[in-house]
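Asks: Here are the chains, one letter per residue:
There are 4 protein chains.
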Amino acid sequence: MSAESQPGNHASEPPHPPQRDRSSDLIARYQQVRDRSERLADPLSPEDCAAQSMPDASPTKWHLAHTTWFFETFLVEQVLPGYRCFDPGFRVLFNSYYNSVGEQHPRSSRGLLSRPSLDQVLEYRAYVDKRVLGCLEAPGGLSDAQLDAVELGLQHEQQHQELILTDIKHLFSCNPLHPVYQDGPPPVPARVPPLRWHGFDEGMHWIGSSGPGFTFDNETPRHRVFLEAFELASRPVTNGEFLAFIQDGGYARPELWLSDGWATLQTQSWCAPLYWEERDGAWRSLTLSGLREVCPEEPVCHVSHFEADAFARWAGARLPSEAEWELAAGQAPIEGNFVEQELLHPAAATGPAGAGTPLQLFGDVWEWTQSPYAPYPGYQPLTGALGEYNGKFMSNQLVLRGGSCATPRSHIRATYRNYFFPAQRWQFSGIRLARNAC
Amino acid sequence: MSAESQPGNHASEPPHPPQRDRSSDLIARYQQVRDRSERLADPLSPEDCAAQSMPDASPTKWHLAHTTWFFETFLVEQVLPGYRCFDPGFRVLFNSYYNSVGEQHPRSSRGLLSRPSLDQVLEYRAYVDKRVLGCLEAPGGLSDAQLDAVELGLQHEQQHQELILTDIKHLFSCNPLHPVYQDGPPPVPARVPPLRWHGFDEGMHWIGSSGPGFTFDNETPRHRVFLEAFELASRPVTNGEFLAFIQDGGYARPELWLSDGWATLQTQSWCAPLYWEERDGAWRSLTLSGLREVCPEEPVCHVSHFEADAFARWAGARLPSEAEWELAAGQAPIEGNFVEQELLHPAAATGPAGAGTPLQLFGDVWEWTQSPYAPYPGYQPLTGALGEYNGKFMSNQLVLRGGSCATPRSHIRATYRNYFFPAQRWQFSGIRLARNAC
Amino acid sequence: MSAESQPGNHASEPPHPPQRDRSSDLIARYQQVRDRSERLADPLSPEDCAAQSMPDASPTKWHLAHTTWFFETFLVEQVLPGYRCFDPGFRVLFNSYYNSVGEQHPRSSRGLLSRPSLDQVLEYRAYVDKRVLGCLEAPGGLSDAQLDAVELGLQHEQQHQELILTDIKHLFSCNPLHPVYQDGPPPVPARVPPLRWHGFDEGMHWIGSSGPGFTFDNETPRHRVFLEAFELASRPVTNGEFLAFIQDGGYARPELWLSDGWATLQTQSWCAPLYWEERDGAWRSLTLSGLREVCPEEPVCHVSHFEADAFARWAGARLPSEAEWELAAGQAPIEGNFVEQELLHPAAATGPAGAGTPLQLFGDVWEWTQSPYAPYPGYQPLTGALGEYNGKFMSNQLVLRGGSCATPRSHIRATYRNYFFPAQRWQFSGIRLARNAC
Amino acid sequence: MSAESQPGNHASEPPHPPQRDRSSDLIARYQQVRDRSERLADPLSPEDCAAQSMPDASPTKWHLAHTTWFFETFLVEQVLPGYRCFDPGFRVLFNSYYNSVGEQHPRSSRGLLSRPSLDQVLEYRAYVDKRVLGCLEAPGGLSDAQLDAVELGLQHEQQHQELILTDIKHLFSCNPLHPVYQDGPPPVPARVPPLRWHGFDEGMHWIGSSGPGFTFDNETPRHRVFLEAFELASRPVTNGEFLAFIQDGGYARPELWLSDGWATLQTQSWCAPLYWEERDGAWRSLTLSGLREVCPEEPVCHVSHFEADAFARWAGARLPSEAEWELAAGQAPIEGNFVEQELLHPAAATGPAGAGTPLQLFGDVWEWTQSPYAPYPGYQPLTGALGEYNGKFMSNQLVLRGGSCATPRSHIRATYRNYFFPAQRWQFSGIRLARNAC
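Chains as they are written, first to last, in numbering that gives the first Met the number 0: chain Z, 0 to 437; chain X, 0 to 437; chain R, 0 to 437; chain G, 0 to 437.
Do not take every clue at face value.
Said to hold, decoys possible - Under 8 Å between C-beta atoms, here's a sample of chain G residues computed to sit facing chain Z: (1) N98; (2) E102; (3) P186; (4) P253; (5) K391; (6) S394.
Don't read these hints as lab results, they were simulated from the structure.
Note that beta-carbon positions come from the ideal geometry of N, C-alpha and C, so glycine has one too.
Construct all of the structure, not just a fragment, from the sequences and the given hints.
Replies: What follows is the structure in structure tokens.
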């Protein structure tokens, strides 16, 4: 067990940089992250920012306000005595799901909030930003725990940046006029290398994070798992490969599907990934750049866990467990095949097919694992209201790994656990195959 | 039967003024009506104009575009050869329910149309207005049938003007910030005169319209009905009277309710009219001017047919039939107690309680009748796609009469048949009592 | 107005026979009616009698118990001091919808009542029968009002006899084994005479009942209506005629349908009458005698109001109003084309096509009218709990006239108003055409 | 890793006894198991056996037929050439969920199958029994794979025996008459010993089954897991302890609940375990012996995973993982505290509180674990249609362990994985606490 005897991944490093450096760093990142959220709304009209296309999605305006509410509630109100809030009504309107904080406006009615206007929300952002920055710049500075709250708020806002994009994409898909979020020529995909299998021996492994960088509570504690020998595919499944599944009757063969998946397929009349439509035998897909032909070289995207699982069964493989995925990710450079966010669609797998090629694991599509989202052994949620951030969702959802083309690059890491319900498809979610070692 | 032997109400008048005069008149009215729709949107932000609070309601922007689509489809496209439409996608987006014209965007998804923007819709309006006015001003002019289509389009737009107000009121009621559409001091209601009963003898009567002014097809043909003797209340039921019903357990006594009404009450948890809320024993109501105390002198408003029917039973009375109502309305001046639309809430019944006082029947609240919305004997819908305007809704709805504080004054007439489903409450709908003659 | 000057149809007859004769008559009829209900259950197993196929339908066992509960509640408990009920739990279980009597077991859960057993329900019937007959035979006898309650109970039980048949038919239609209620060879239909039109002049008419026989409260008061001239078809629409509607795309043409009807058709995927199924181009229909070929000569049956209305529009006609129907029925002998109940399916229209042939109006199918079920002018429900019998359902339903092959013959009369919701199809409901006089 | 180096639990034993002995054994067990199913129906009427109280539950008659269909489909049809089935319609009616076999009667409509009658189903059972026994007794005998199918059929039937009891209990709970399945005096519970914690060290462990006895495919393959040190409670949570949770506001405190659990609680208005009702401050529970006072000494039962999880959080503990549970169960004798099925309610925890007391893990209540139902590493479903038995349900469900008072004793084993959805409560499901080692 010697290989696993090291209890932390970087145990010798200090948990945090000195406080003053940390404040400076946070000030810069705060401005950058907060600004990027607003830049995401630049191509959108006030009406675009206000609409909600389904209960799972939220209006852009709500995202902009909620992330602000987060800083206001968990930092400013805690730090500044006598703080006078921007609008007391916002406490309810922009509380997402924190029962400990109080009442919440019903999630499915966020699209009815024509007021406050987008302008007022931007004022709200400026109002809170001023106070957060004031706290960070104050001579006495913030405590470690308060700086942690700032960091959490930034990570939180980065999560919502991805949601802004997925939710706008869904909204635009409901509009027969096919609005375009980001114009430009279609990307020229590289040739896809053949899928290869990377082998991993059985053994004990450390999984999860023990720092020193930021991690969500659900990535901890770092702990040991025993894994049988397995193999992982070198790249995500492509549209071309998924089309072969469709053409082989994949959506009409119950033996390929989980029982709940088959029931969902029938109820929802699924016959292809979300946003795909067939006309005269050709498949097109709605993208943030409008309706485009489905490119066979790109990773398949907007599939549910049920579709990922059925595809894997059809392909004689399976989905990886999150521990398998994380083990492999320890060997994969995050920068490797990462796709610039300006593209906002999954990139084709590039890279020469040489033996030494690293796995391409980050930044194209979130990869469904077969692992239900559950607490790690010894998991402790954050204390107080922030304990509701992650822990209470550990039921009925599945873990996705890797980050997508819509994920901020600095938000991607090997231990990150994203999670969605198995029937959800509006995220940039795709398929990574695994199989047992022969 | 001599009193009824006259087949029309104004049979000696010509059906239409000479064509040139008619065009001039229509030009003036077209500009006035079209302008008023846009004025109704003046207090609203683009987001206000885009949201849809329930499937029954539509966004303001949709109303503005749909009424334009109506002129484009039923006039401009018919009259101008080679007309190039503003946007071909609008043909589907802003078709409400005309199957003969083609596909329709799903009604419940109108709030997802963040595009076209409000500005684009206003451009669309200007684009179509220019062509309609061009047609009206052209030397050759329009045929009688085409002028009829213009007239229908204006009447249609006036209907949507009222809907803009009722739908915005509903939207704002969903927002905990209580937005205000129209500010101002609460009206000072006059003292309500005691309710008196006006008697009508049994006999044959002519009901419905035979012109010469505009009428919808559902108001025709003018025909005879036999009515037993009856009595009609001199004014609508007031909030104060309805409060007595509530305090007498009206919402908890099934014997007062129709079976479907009782089921609806339980499912929807009704305990007061829509928009009412109780706090510390006092009732307030959401109005277009914000949250206001319920004024006991004003006519009760935003009640369903079920509530109107239960109230009438509790009061030892009943709702009038539409024939009874129309018979009485023949004796009531429309100008009498009409309320200025700038007020946008039902007025208190005024007028001295003298024996000769006319009935107050118009312009406060739409009055539920007991009459299901059904075709008059010999009813013929308009030909072509416009046949879908009224006739296909003659199922499961009930007739309301009189017009409300939100109805354009020129849109009110004695033969007008409004209709809604018995559980609907978001219109300015109230209660008029009737009873059999002793 | 001389023709209508007679205020009652049999005003000179006494309202009731002398009380002793009436008791004797009721004893005989009580035994006959109560026995027939149990005979209807003879072909059924205990499981058949316990199942409920949809909320609209009830188990046979429940019908047998509820009709008994009716006599127990509205007669025995009122007449016999200190009456000890058979089982106090039945007061709730078998109360259909009488809020004034107390709580009710939820309607949609009647099929879960495996207890009491069928045998116990038959004991319950015997227990109550003994007491009802005891009351009827007692020397002092019952008061007029109490005898009225017995009569109402018998009429009520006859209504449930028809429901037993329609509900079992629906239950068996849900079973792929196609159980047979009543075996036998298919009837040999007579040739259908061509449809002819009977004309009626405009005029005032008396409608409704003023006795002397039994009538439900909703048939009263007898009152005057003015009818325009109209024509009524000589017989119901046949399966063959309805097939022509199907083959002409009747179920795919929205312009033929009421708006609510079209929505229902799409939601329910209607493409033919209930119980019809097509295989290899041939239509078969599930009957109480099992699956049978659709006979073109028989009246079409198990159509909704929406289908009846669409068919009429397709045929260039309309449905009659209930007043038109009743006017015509005054001239039609009930015995004429009445079908023996042993057949339990609508008969083909027979009768020579001579000029003097009476209309065939009774006993084949319930005929949808265009008349919403509404109170007659001056309508007064029965007093007390029995006031809930009819009046509270006067909302959203439509009147059917004539009686079907499943209606007890003695239960059929010209003034009878049956009523169902426009989308309901599991009754023996068909189509009678009418049209305006040229 | 020496302690875990043993790959199987009984690897030296032969996988099966000699074939002839196996046949004899199976004949005896076949008769015993098949007979017991019918004995379970002895207290029930035909109507009891036919009703279905919710989609999750099935009628007793359906259970009796489906288990027979299982032998017919997976054994008799495979073994006997030219076998003539009892009724071809049963192939669809009694297929539960095997898409590979063909169509299925809709699950939620099983209660509408008044035919075939209970008697016919018993005939069906005899018909198939005769052929199964004929196969088992034939000189040539059955192949190993065929004997495996018999064994699987018996295990399958034992699963349905428990479902017969849980489903009848639910059905009777819907009947206000409170039918009794099994009469008798309430059990006299022993005093509950105080809850103690049993500690387990961290380490690698073998989990799952490698035979030699029967196991379902989902219990295989036997494989290694690494577990942190933990502690397990000595007995299930009692009603008395759960009452303390209720009285402490457990059902009103969102911070104790998973997000989905809290939403379910609100939608379903949960305020106590299923079948509990409060009257005048005292709690009673519907049991198979009728309504009984809640006994504080008995294990709490009919709680969902959500309630179990919330209780554990309230108690400062957590639910065990299934691996933890199975590790502990290796040390617990199945016979120890097993409850006779004749009692049919969870027993109070007995046993002296001495240090050497074994854990009480079997036969009272199914114990919710925190483990989602997922495939073991290397899991392979059975081949052919039987592959649908377990594998396709590995989504959204959670594992329960231990067996309940309604589980046949011979059906209980340490590696057994039962699974239900987290909101389901109608099984005999209870709570076992665990916690991390200090």
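Asks: Take the shortest C-beta to C-beta distance between P186/G and chain Z; is it under 8 Å?
Replies: Since the shortest Cβ distance to chain Z is 35 Å, the answer is violated.
Asks: Holds or violated: the hint that K391/G contacts chain Z, with Cβ atoms closer than 8 Å.
Replies: Interface hint status for K391/G: holds (4 Å vs cutoff 8 Å).
Asks: Hint validation: N98/G versus chain Z, beta carbon distance must be below 8 Å. Holds or violated?
Replies: This interface hint holds because 4 Å falls under the 8 Å limit.
Asks: Quick one, is the S394/G hint okay against chain Z at 8 Å, beta carbons?
Replies: This hint holds: S394/G lies near chain Z, its Cβ roughly 5 Å from the closest one there, short of 8 Å.
Asks: Is the shortest C-beta separation between P253/G and chain Z less than 8 Å?
Replies: holds (4 Å)
Asks: Take the shortest C-beta to C-beta distance between E102/G and chain Z; is it under 8 Å?
Replies: violated (11 Å)
Taken one by one, the earlier hints fail for this structure at numbers 2 and 3, listed in ascending order.
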